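J.: Those protein sequence lines, which keep their order, are chains A and Y. Okay, so the first sequence: first residue is 1467 according to the numbering used here, each after it adds one. Okay, so the second sequence: first residue is 912 according to the numbering used here, each after it adds one.
No lab work stands behind these hints, which were simulated from the structure alone. These numbers were taken from a predicted model, which means no experiment stands behind them. Mixed in with the good hints there might be a few duds.
[To be verified] A partial selection of chain Y residues facing chain A, derived with a Cβ cut-off under 8 Å:
#1 Pro918
#2 His955
#3 Ala962
#4 His983
#5 Pro986
Glycine is no exception: its CB is placed at the ideal position from the N, C-alpha and C atoms.
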Amino acid sequence: MSTPREFKYVGTRPIRHDGVDKVTGRASYGADVAWPGMLHGAVLRSPHAHARIVSIDTSAAQATPGVKAVVTGSDFPETTAALALGEAAIDLRDISESMIARTKVLYHGHAVAAVAATTFDIAKEAAEKIKVVYEPLEPVTDIDRAIATDAPILHPTLKTKGAPAGAAGPTNVASRLELKRGDVDAGFAEADVIVEREFRTVMVHQGYIEPHACIARCGEDGRAVVWCTTQGPFVVRDASAAIVGLDPAHVKVIPSEIGGGFGGKIVVYLEPLAIVLSRKAQRPVKMVMSRDEVFRATGPTSGSKIRVKLGATRDGTLVAARAALWYEAGAYRGSPVGAGAMCALAAYKIPNFFIEAYDVVVNKPKVAAYRAPGSPMAAFAVESAVDEIARELNIDPIDLRLKNANREGDQAPYGPKYGPIGLEQLLETARRHPHWSAPLGANQGRGFAVGFWFNAGMNSSATVTLNADGSAAVVTGNPDIGGTRVAQALMVAEELAIPVERVRPGVGDTDGSGFTDVTGGSRVCYATGMAVIRAAEDARDQLAARAAKMWNVAPDAVTWQDGRAIPPPGTEKAEPLTVAEIAAKMTHTGGPIVGRASLYAPMAGPAFGVHICDLEVDSETGQSKVVRYTAFQDVGKAVHPSFVEGQMQGGAAQGIGWALNEEYIYNGDGVMENAGFLDYRMPVASDLPMIETVIVEVANPLHPYGVRGVGEVPIVPPLAAVANAMRDATGIRFTELPLSPPRVLAAIESATRVPVGA
Amino acid sequence: MATVHLPSGLTAFTGGVDSIDIDAARVPELIAELRHRFPQLSDHLDGMAVAIDGEIYQDPGYQPLRADSDVHLVPRIAGG
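With the sequences and hints as input, model every part of the structure.
T.: What follows is the structure in structure tokens.
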């Protein structure tokens, strides 16, 4: 159990150890390295969203001067393996076939061949010489078409997992899940007000600035070394090994610095291609995606259709809910619709509900995780409906939520009872915040929304190595995306009572660190942080034992206090020893001191965030601008508050982009028409105000400091917070995202148009 | 005995049973007993996380159970 504790370092804001290298451009990212003899790889991608591959002729490419290797799907073994990622098993057959097509292409941009050559231009030109004969098939590009009874089928063997026995197949519905409590019909019969709406969102991309990139070298002995940008070097190692048919012991993965991932850099797209090209060419092969390729061929998150029906009594008590969710999985099963279903009503104590969720395959890129996967779309739907209930009953939106908020001991809609959670504290804090009562300007509206995410646990390892001068190094296998290195250094500093600047935090490769699951699921500061704390404790125990040796007393007689080993009372010529004093003698007391820890953590304990958004809308153009935004979040314990605030701001910014402008735009042939940042409109700094942050700390009892995890929750509320602000500003309830100027303008004009004959 | 709660989507494979008391010291024995009692459920257990007294384990491994543990089967979740 977590107990209140006074911290010396945790909670302070030191400069990150990797900061100077990053702001000076010295840090090495995925595309920043060159190895001797290196070739360049290029990928030939499908011009069709759905087609059968009749034949592939690579002879012209092979004959091109400078070309050293060509691969197609036939160069990769069939695999039925599943990789236990901890969070969810990865079906490697789907990953492999999504990486390079075998018999069918299932999305526009699906890889069909790859070439390695002495220059990228030669590789690209040679790839275009590959002759692929396709038999085009009707593309299935939206949920409604995919679930129609006469829809073309993407996978003839696909059946609906979770459907009752005897369900007909084949189908494009990969799975069905339901959650139920109480008597829904009786609940709605009790309701004084009922709101029922259908909401839609479209695919959006994680939008990391750094594209996917890697370099692989496969030697004469068949062993491979891969340098790549990834959220999980061990996932890359194990997935690549299985896909290309290597023993994982023969693959080493070195993670580069990472320029954003948000869930999208967990999957392998290039690494197995580069390994097999290198194996054929016997030279290193570097591959870097263009932004066009990133959009077309790497995982966005799902588009969705969500029907929500909410019922409340006159006093604002929510008494019944019904929801149906359909999420696009892309070309292969595995949308986050299950998580969406579990998150949808997580904030509220509703006695009667029924939720069903469907995972639907369509001819678009296979979706990948994206910050709280599945939760933002569900929150958009439910929080919009809750806003409508508040309006109909003329109850303050925060008061309505407080009346129905889940608290410690209440049963989560997905089953277990909540432990300590901070939703009530967040709502109270937001209600008292000056933003909530600040006056609005002309053409402005205010929206409020709640968001929820689970936060993951899983496998983590850490080592803490003492140096002879009393400084320390901490190494884990988690690439640092959000400031986790400095957080880990703070933990070591806290446990050993040495200045944080004297702790060097590092990211290990798959040979140099113990197995560690991905940087994702908001898990690093929580789970890997626990491993770091335990490794530091292990080092501290060893320091105490070394002090005992120096004093010639029993190890268990030594106590540790304020960063010093304390001798037992009465020990002659013994003074308390600091870490530096003990470390200086370690060669004489038994050799190096290395603290180690490995653990499997349960999920971190759920976390909530609440956001207030002020939006100003130009009724003549439909353009809107966020003029004030405040994010509140229960983070358990902020180890480095600046990076916690950065996560809250970054998540909010991405959610605002999702709400206002971001969208995959497809034509009727299933071809994305805006695969570049010029046409795929992400928010930039000048689009947004300074996002205010308010940290609330309700300690997570599963972590020694109370850490909950922070990275995912802040992307959940913005979709609804923005839409609710738009409703407040315009009087129009928008049920489809994004709220781009053309959509908003059309709705405003439609609402104000005088009917003919009136 | 531990009380096991099943999500409603799985009751189609248990003849409508949504909670059941099982005498098991650890999760593997509990899962084995579920498979034994509800053979049709067997195919649907691999993808489930297990919540034991409020703590969710994506992979419950050999987690011990108390005599009165409250156990929920929960779909696994992927994070970003």
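J.: Determine for every hint whether it applies to the structure shown.
T.: A quick look at each hint next to the structure:
1. Pro918: holds (6 Å)
2. His955: holds (7 Å)
3. Ala962: At 4 Å from the nearest chain A Cβ, Ala962 of chain Y passes the 8 Å test, so the hint holds.
4. His983: holds (3 Å)
5. Pro986: Hint on Pro986 of chain Y: holds, closest Cβ of chain A at ~4 Å, below 8 Å.
Every hint, counting from the list given before, is met by this structure.
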